[in-house]
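To convert, note that position 191 of the sequence shown is 390 in my numbering; the numbers rise steadily by one, no gaps.
Just so you know, the hints here were simulated from the structure itself, not pulled from any lab data. Heads up, a few of these hints could be off.
[What the hints assert, rightly or not] Taking CB as the label site, the calculated pair distances span:
{"id": "1", "residue 1": "ASP336", "residue 2": "ASP440", "range": "39 to 45 Å"}
{"id": "2", "residue 1": "LYS394", "residue 2": "GLN283", "range": "40 to 46 Å"}
{"id": "3", "residue 1": "ASP313", "residue 2": "MET282", "range": "32 to 38 Å"}
{"id": "4", "residue 1": "ASP388", "residue 2": "PHE273", "range": "32 to 38 Å"}
{"id": "5", "residue 1": "ALA413", "residue 2": "ALA275", "range": "38 to 44 Å"}
{"id": "6", "residue 1": "ILE385", "residue 2": "ALA424", "range": "16 to 22 Å"}
{"id": "7", "residue 1": "LYS442", "residue 2": "ALA413", "range": "25 to 31 Å"}
{"id": "8", "residue 1": "GLU355", "residue 2": "GLN438", "range": "34 to 40 Å"}
Heads up, the beta-carbon is just placed ideally off N, CA and C, and yes, glycines get one too.
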Amino acid sequence: MVGPRPIVEAEIEKYGEYIKDYYLVTPGITGLWQVNGRSDTTYSERVAMDTWYVRNWSVWIGRSLFVQNSKNCFKAKKCILKMQQENQWENNCMENQKVSVIIPTLNAGKEIEDLLQALLKQNKKADEIIVIDSASDDDTTSICEKYNEVKLLNIERQQFDHGATRAIAFNQAIGEFVLFLTQDTIPADEQYISKLLVPFKDEKVAMVSGRQCAKATSRLSERLAREFNYPLKSNVRSQGDIKQLGIKEIAGLLKIGK
Numbered sequence: 200m201v202g203p204r205p206i207v208e209a210e211i212e213k214y215g216e217y218i219k220d221y222y223l224v225t226p227g228i229t230g231l232w233q234v235n236g237r238s239d240t241t242y243s244e245r246v247a248m249d250t251w252y253v254r255n256w257s258v259w260i261g262r263s264l265f266v267q268n269s270k271n272c273f274k275a276k277k278c279i280l281k282m283q284q285e286n287q288w289e290n291n292c293m294e295n296q297k298v299s300v301i302i303p304t305l306n307a308g309k310e311i312e313d314l315l316q317a318l319l320k321q322n323k324k325a326d327e328i329i330v331i332d333s334a335s336d337d338d339t340t341s342i343c344e345k346y347n348e349v350k351l352l353n354i355e356r357q358q359f360d361h362g363a364t365r366a367i368a369f370n371q372a373i374g375e376f377v378l379f380l381t382q383d384t385i386p387a388d389e390q391y392i393s394k395l396l397v398p399f400k401d402e403k404v405a406m407v408s409g410r411q412c413a414k415a416t417s418r419l420s421e422r423l424a425r426e427f428n429y430p431l432k433s434n435v436r437s438q439g440d441i442k443q444l445g446i447k448e449i450a451g452l453l454k455i456g457k
């Protein structure tokens with residue numbers, strides 16, 4: 200079928216009325232079937248022009264469109280399959296994988312309730328929330344005791360150690376996945392836990408870290424440190440990144456991965 204010439208039609212505003220009438224024709228198989236346009240040409244000239252168009256443009260354009268559409272369909276199918284696999288894995292995680300949350304606290308009365316409320320609103324609920332408190336002298340423990348979902352552990356303040364204290368709670372956790380949080384954490388949304396689980400579909404992933412954003416009231420040095428350690432774009436870090444990032448940035452990953 201022959202219709203308006205693609206090249207001319209794309210630039211139609213640049214042409215005068217005569218040129219538009221000359222080229223912009225109604226669809227037809229050959230020039231003999233055209234109703235309007237090119238009235239000053241002979242039938243043989245019209246047929247010759249349409250034949251040239253079909254041979255030189257229609258087939259090439261059609262072939263290009265077919266190839267491009269085939270590529271797009273293939274890409275779309277791959278994307279759909281990937282999304283289906285991710286959704287299937289995520290749904291399985293949501294239903295079957297147990298998650299334990301561990302929160303060390305010390306005088307967290309002004310912060311802990313907001314964190315607990317945010318955790319209870321997650322679309323993937325934690326199977327347990329372990330709060331390990333270092334002898335707070337405010338209302339931290341009384342707040343935690345209000346929640347049936349919270350398992351409260353108590354240690355002496357002088358016993359606290361960043362690694363050892365978390366290890367005490369870790370050894371009592373029932374989850375296949377363990378999420379370590381600080382007492383002043385506020386999850387960004389209700390998909391916080393479920394989004395952290397998604398990268399584990401890759402069996403080589405041993406640990407996932409959420410992005411930490413400094414508060415507006417934080418010192419400039421703290422904000423810069425957060426932006427460097429937790430950039431906007433997700434990335435994978437391994438032993439091969441030690442030279443660039445330093446051992447401190449991936450030490451946790453190496454320990455968990457052993």
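inquiry  = Assuming the hint says 39 to 45 Å, is it satisfied by the Cβ distance from ASP336 to ASP440 or not?
reply    = 42 Å, holds
message = Tell me if the beta carbons of LYS442 and ALA413 are separated by a distance inside 25 to 31 Å.
response = Given about 27 Å between the Cβ atoms, the range holds.
task = Could you see if the CB distance from ASP313 to MET282 stays within 32 to 38 Å?
result = Once the Cβ atoms are compared, 33 Å apart, the range 32 to 38 Å for MET282 and ASP313 holds.
request  = Please test the hint of 32 to 38 Å on the beta carbon pair from ASP388 and PHE273.
outcome  = At 34 Å between Cβs, range holds.
Pairwise beta carbon distance, GLU355 to GLN438, judged against the given window 34 to 40 Å = Given about 37 Å between the Cβ atoms, the range holds.
task = For ALA413 and ALA275, compare the CB-CB distance with the range 38 to 44 Å and indicate the outcome.
result = 40 Å, holds
inquiry  = Tell me if the beta carbons of ILE385 and ALA424 are separated by a distance inside 16 to 22 Å.
reply    = 18 Å, holds
task = Return holds or violated for the Cβ distance of LYS394 and GLN283 against the range 40 to 46 Å.
result = 18 Å, violated
Comparing the model with each earlier hint shows a violation of hint 2 alone; every other hint is respected.
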